[in-house]
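Visitor: As a plain string of letters, each chain reads:
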Amino acid sequence: MSKSSVAVIDYGMGNLHSVASALEKVGDGVKVIVTDCPDTILSADRVIFPGVGAIRDCMAELKSRGLDEVIQEVAAQKPLLGICLGMQALLETSEENGGVECLDVLPGAVKFFGSDLRDAAGGRLKVPHMGWNNVIQTIEHPLWAGIPDASRFYFVHSYYVDAPEFVAGSCDYGVQVHAALACDNVFAVQFHPEKSGDMGLRLLSNFLNWDRPAAFFPVTD
Amino acid sequence: MALAKRIIPCLDVDKGRVVKGVNFVGIRDAGDPVEVAKRYNEQGADEITFLDITATHEDRETTAHIVEQIATEVFIPLTVGGGIREIKDIRAMLNAGADKVGINSAAIHRPDFVKEAADRFGSQCIVIAIDAKRVADEADGRPRWEIFTHGGRKHTGINAVEWAIKMVNNGAGEVLLTSMDGDGTKAGYDLALTRAISDAVAVPVIASGGVGNLDHLVDGIIEGHADAVLAASIFHFGEFTVPEAKAYMAARGIEVRL
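As they're listed, the protein sequences go chains A and B.
For what it's worth, the working numbering labels the leading residue of the first sequence as 1, then goes sequentially.
For what it's worth, the working numbering labels the leading residue of the second sequence as 1001, then goes sequentially.
Extracted from the complex, chain B is given alone in its bound form:
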């Protein structure tokens, strides 16, 4: 008996629909978010994460409304990310029923935003979302990852491990780490990246980006030292259910909530 490693289905929501892109292009429709969230709740998902990938303000209000509907029916933790730029955006999502918000590019523009948000709402609801890609190795041969924004198109030059440490020091209570190299490829998480960050920070780390089979979830926990594993398409398109994922992980000695 111990704290369970969490399995978190992720819903990328665009204009009120669940979608899933492969490296953020080639988007496929995966259904109505309220129905999808209810299904994962019934399957025993440990949390649900929403990433609002819509561009416009109006559509973001749609997302808040969806979160509100889900929060009246699904009684497990909900995290909402995407488009969180100001304190009022956080308040709107928390009021809609989110338990945590993911802050991504707004923190890069203004690192103190995470500090202000954690001071205002508490670290427990501030997740630093990091999109990282592997770049040329350090001079001493160690791998190096840097932060990318705009769906992986814009390079910031920021060292991902140092950034995670800094954001946790600023008050982030959790790290949602997405490998942009892996995202949508079904080739598995970037385990070296996940491990480097998980070992560097005291707070829980959620591995994301690249899950194609159940071994990838196991590897994320055992090799990547992640505290939670996030996946989208393997669940959305019926390849695997959450109970199948949990049973597979439990059989490999991982503590899960069955």
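Just chain A, with the same shape it has in the complex:
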């Protein structure tokens, strides 16, 4: 059997070196392709949609490369992992940059933490939310395999996901941050698995070994 491939979408938003290195580290020979070519992305077995920066630039870069439709197509077909800004772009809308329409692959909105964020005891919380926070696993999922509940992952973001359904993990930072979403073959995380040490590497490894969920194939009876 030939080794599978994973495409890392490169659309000019941030350094993809770490994502690619981390995949190579855990990939056991999987072919890692960093690319903005629609055909290459569509023909890969799995796709990672990373990103850092601002949502308006992100959406503009995607559209200028025709990748918005490519990602929507991938989301309907094969394992897709959105990371950080890549996760946010999969939702319906973001409050950042005065309001931006996103890819609408998953229901939900991206909201600002606000300028006076407080913890439960009234203590001031800094924005961006930067550093290692606990992620509570709200569902069982193949991507959480081998990762203890409440493990810490590395976050850096000023806007957070608020989704009505498909929440797979959450994190408390003054508000309830939906840190992971899962819907069929799409998984999305606000944190950076490629920067979250062993637990992050485990999640990436799980993604590379994630079979398409059975429910995704219609069963005729």
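Check the hints yourself; a few may be wrong.
Unchecked claim - Below, simulated DMTMM-like cross-link-like pairs (lysine to aspartate or glutamate); rule was C-alpha separation at most 20 Å, straight line:
no., chain 1, residue 1, chain 2, residue 2
1, A, Lys25, B, Glu1068
2, A, Lys25, B, Glu1073
3, A, Lys25, B, Glu1042
4, B, Lys1166, A, Asp116
Claimed, not checked - Okay, the calculated bits of chain B under chain A, using three or more residues with CB under 8 Å as the criterion:
no., segment
5, 1127 to 1140
6, 1176 to 1185
7, 1228 to 1242
Hints listed in this document are in silico derivations from the structure and should not be mistaken for laboratory results.
Every residue gets a Cβ at the ideal spot worked out from N, C-alpha and C, and that includes glycine.
Here the structure of chain A is known, so what remains is to put chain B in place on it, guided by the hints.
Guide: Same frame as chain A, now just chain B:
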């Protein structure tokens, strides 16, 4: 459960070696940066910061190469500072695998540099590095700190707290605050300075300069209100390990990643 306070070992890198100066003189060799970074990663460091203290362009390329090697083996955040003067310097370090870059004197020469850098790469990867010293008090008796450059030799007259606010408004996503009075002395952070800046800005502040024991790390968080604590020599020369530092802080009620 909450966001952990970060412990960040700092590698001062000169011509491809980790060094540590006491107030920037009397440099001691502390090893190969790739090996040192791997060791701290294995110990559970939350991030690693590199400060390139080499003077020449050629040696800076050596640093980019080191960052590249580390980034293929160490999967925690890496910050690189020193010699970042232009947009292309930032791009080179990010391409080499850095997650954040520290901008110091280039911002003093041209404050809009931070704004341009944040616009281009996002605030999350722009750290404003501030080297401050305490000077004569304000007329009303409050302490005053000013920015110094060139390893503490050159006085700019800029008020450090006001500068931090201005740079955060320009888009810096984090402040790396070094007390030049404390750096290398092992007498502890300048807690009043750390607190003044941390309380004045919305973004995270990393305390740096002067750590000599584990109480200094605790004080930086509790008294200084820092979000992260940076230290070099206490870790480099084996006085303490990162797990010892974390256990000590956790025992004093500080949230850490164990």
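Visitor: Run every hint past the structure and note whether it holds.
Guide: Hints, one by one, checked against the model:
no. : hint                  : in the structure
1   : Lys25/A to Glu1068/B  : holds (14 Å)
2   : Lys25/A to Glu1073/B  : holds (8 Å)
3   : Lys25/A to Glu1042/B  : holds (16 Å)
4   : Lys1166/B to Asp116/A : holds (19 Å)
5   : 1127 to 1140          : violated (count 0)
6   : 1176 to 1185          : violated (count 0)
7   : 1228 to 1242          : violated (count 1)
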